[in-house]
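These protein sequence lines map, in sequence, to chains A and B.
Residue numbering for the first sequence follows the working numbering, beginning at 597 and increasing consecutively.
Residue numbering for the second sequence follows the working numbering, beginning at 681 and increasing consecutively.
Honestly, the hints are just simulated from the structure, not real lab data.
This one's a predicted model, so the numbers in the text were calculated from it and none came from an experiment.
Mixed in with the good hints, there may be bad ones.
Said to hold, decoys possible - Per the computed footprint, the stretches of chain A lying under chain B, defined by three or more beta-carbons under 8 angstroms from a beta-carbon of chain B, are:
| # | stretch |
| --- | --- |
| 1 | 619-628 |
| 2 | 662-671 |
| 3 | 697-708 |
| 4 | 764-771 |
Yeah, the Cβ is synthetic: ideal placement off N, Cα and C, and Gly gets one too.
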Amino acid sequence: MKIITLTALLIFGTQSSASAFTLISNQITAGWNTRNLSFDVNETSCTAAGVSVTELNAAIDAAVELWNKSPNTGIKISRGSVVTSTTNTNPPTIYCNTTAQSDGVAGVGSISQATGGHPSLGSLYVNGDSSKGAYFGKIGTTLQTLVMAHEMGHVLGLGHSEQQYALMYYDLSSKENSNLSQDDMDGLAWLNPKDEFSNGTMGCATIKTIGDHLPPSGGNGAILINWMLLILVAFGASRYRNGSNGVRPETLCP
Amino acid sequence: MKFFSLLFLAITFSLTTSSLVQANRAEHRVHFGVGAAFYNLGKTTTSVDGSTNTLGQLFLPLQLSLKTEISSRINLQTIATYTPLAVTASDSVSKRILTTGFNFTYEATPVIDYKAGLGILTYYISGDGSSVTRSNGTGTATFYLPGTTSASRSIYLDFGISYYMPRHLKLDIDALVLNSMASTRSFTTVLSLSKGFF
Chain A
597 MKIITLTALL IFGTQSSASA FTLISNQITA GWNTRNLSFD VNETSCTAAG VSVTELNAAI
657 DAAVELWNKS PNTGIKISRG SVVTSTTNTN PPTIYCNTTA QSDGVAGVGS ISQATGGHPS
717 LGSLYVNGDS SKGAYFGKIG TTLQTLVMAH EMGHVLGLGH SEQQYALMYY DLSSKENSNL
777 SQDDMDGLAW LNPKDEFSNG TMGCATIKTI GDHLPPSGGN GAILINWMLL ILVAFGASRY
837 RNGSNGVRPE TLCP
Chain B
681 MKFFSLLFLA ITFSLTTSSL VQANRAEHRV HFGVGAAFYN LGKTTTSVDG STNTLGQLFL
741 PLQLSLKTEI SSRINLQTIA TYTPLAVTAS DSVSKRILTT GFNFTYEATP VIDYKAGLGI
801 LTYYISGDGS SVTRSNGTGT ATFYLPGTTS ASRSIYLDFG ISYYMPRHLK LDIDALVLNS
861 MASTRSFTTV LSLSKGFF
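Modelling step: build the complete structure from the supplied sequences, incorporating the hints.
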C-alpha cells in the first residue's frame, strides 16, 4: 500500500493549471440547437474582393474538418449552400468584407439572438481588403484555414482562450500547423456535449454516408450496456454470497 | 510529465523483478488502485506552432474493479474509474472523467491476463460562469466562462493487459478507443496499479 500511496503522490504532483476556453456571450448556456450546422457561403462577395473561390472553399472545408475532429462533441459542421447574404443568418453565412478592416484583423465571427441560451443567427467574414496586411487572399493556405476555423469557433459560441497554442487564441501568426488544442475541444464539448446513447453508437452518427438514419433516442447501446452491467454485478454478488473464496479451482485440485 | 511516467514504470518494474520467481497470483475479487490516463492521444496541440503532442491530456483516476469467474481461465471484470482530482483549466473551469465498463479477461500465463471489453466514458466540464477580459486583437473584450456542468458520454472499446505482481499488486495497461467506427476515433491509454482485496 505504501507503494500505491507513493505512486499516487508522485502522479498527483504532475497536475498543472492552464487557462480555459471562454464563451463569446453571457447569454449562451449551450451551443447551436442542432446536431448538424452548415455554413453557407457568399462566393460573390469574395470574387468581388479578388479572393479565389477555390481557396475560400478549401479553407472552409479544412476548417470544418478541423472542428469535426473533436471526439466528444455532439455537433457536426459542414459547408452549406451558396448565398448572397452578408448578415447574421441561420444557417450562418461566410463572406468577404472589403470595408472597415483593420490592417491585422483577418476575420470576424459573430452571433446574435441567443434565444433560450442557444445561438440562433450567425455570420463570419474574412478580410477582403487587398490593401490590408491580413487580406485573406495573401495570407497563405495554413493561415487561411486557421482564420476560417477560428471565426467558425466564434460562430459556434466560443470566445478567446488564453492558451497561446489554442485555435481560439486571438493571435494565430505563430502557427504553422492546423490542429485543435484540448481547450478548443473542451469548449465545443461544453457547448454541444456528446451523448452517444442518443446520437449514434460508436460514432456511427458521424459517418456522413449514413445520413440522418440514427438510432432512436435512448439508444440500444445504453440499454444493452446497462443490462450487461446489471447482470455482471448480480452474478458477482451471488457467487460472493455462495461462499466462493476466490481461489482458482486448479489451485485447489492437485 | 514524461519523467513521472517513466518513474511510475520504473517503480512497478522493480517490484516485479525483485521477486518475479515467487509471483503469487492469488485471485482477488476486488482491486482498488490509482492510475494515469492519457486522454485523446496525439490529437491535440500544446505547441505554439500548432504541432500535435503525443501524450494527450493527463488525468489521474482512482480505479475499482470486481472480477467474476466464468471458467478456469476466463473472467468478467466490472470496472469503474473516476478522477476525484479534477484537471483544472484556470481556477474556474475543471474537468473530470468517469468510466464504467466491463472486460472479458483471459489468463494467458500465470502472471498475465489479456482483456477486452467496452464501457461508457463520461467527460465532465464545469465552470463558475465568471467573466474575463482577454485580448481581442485590436484591444480587449469581455468573455465568459461556462456557468454549468456539461457531460459528454461516449462508448469506448477497451483492450489491455493485466500483469500480476507480488504483494497482491496488479499493473494494468489499457487502450480505450472512442468513436471506434468514425473518423473522430480517439485513443486514451490508462496505466494503473491496484491492490487486491477480498
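Checked hints:
1. 619-628: holds (count 6)
2. 662-671: It holds, with 7 qualifying residues against the three required.
3. 697-708: That given contact holds, which follows from 3 residues of the stretch 697-708 of chain A lying within Cβ reach (below 8 angstroms) of chain B.
4. 764-771: holds (count 4)
Hint violations for this structure: none, all hints satisfied.
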